[in-house]
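Trainee: Sequence:
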Amino acid sequence: MPKPLIILAKLVVGLLSVAGAGLLILEGWLVWHSEYGLGFPTEAQLAALSSTGPACTVATQQTYVPLAEIPPLLRNAAIAYEQPDFYEVWSLNPFAQLAFGGGNPHRAQHIMHSVTRCLISLSPGCCRGLDWNIGAVFFMQRMANTLSRDRILEIYLNESYRGRGAYSVAAAAEAYFGKPLSNLDIDEVAFITSRARLPNPSRSFDTSVRDSVIDRMQTAGLVSAMQATTAKSRPLLLKDIPGGQAKPVNQ
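Position 244 of the sequence shown, counting from 1, maps to 709 under the working numbering, and the rest follow consecutively.
Honestly, I wouldn't trust all of these hints.
Said to hold, decoys possible - Here are the simulated EDC-like cross-link-like pairs (lysine to aspartate or glutamate), alpha carbons at most 20 Å apart as the crow flies:
#1 Lys644 - Glu534
#2 Lys644 - Glu553
#3 Lys697 - Asp671
Honestly, the hints are just simulated from the structure, not real lab data.
Take these sequences, add in the hints, and give me the full structure.
Mentor: See below:
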């Protein structure tokens, strides 16, 4: 193909991409402002949430641990693995999320996305017929502007499902290891951190997932290289269900 035609083809593809992004943004604007804007929890509802404690209905059945009482290593491991810029990015751009999300606008905002899903439950009648991914991006912006980052992180650590019926990190520590949060070792912290992202956290026990969290923890400076190596060499010991002692999991 002659060079001018190649250049023209690339230009056309580029223009179509821009047009597609523009249409997606326009769709989001129309959906949010004209039809579904009142379906999600309002800023007043979010602001009315207490500064600590359960925010979603599922958490009422779990032991809730205030953020200040969750070990720093576990808090920071969640940030390092799920959303390293969690505290740095204070303003989310919903239009950029829609245009450049690559089909999954929440891919790089896992903590925010998880809490978004949690808080939408405050309005159980909302979002019917809605393109959820578009509407949730706008609600995520509303949540980020209304709640502090500490509050969002506390909700995430207490109300994200981690398998074995556990929605909080405290419940997960007991369910998997029979331990309180303060007694968790590095490898156990990494394992519990990895549970929130897995589609079937009660059954996926591949240590490579745990080890990837440990690698993120080392990169973030939370553990040393020696600590990371030691943690990754430890066998995965999980408590039997129900009750019982921890035992090695066959890999």
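Trainee: Can you list which hints this structure breaks, lowest number first?
Mentor: 2
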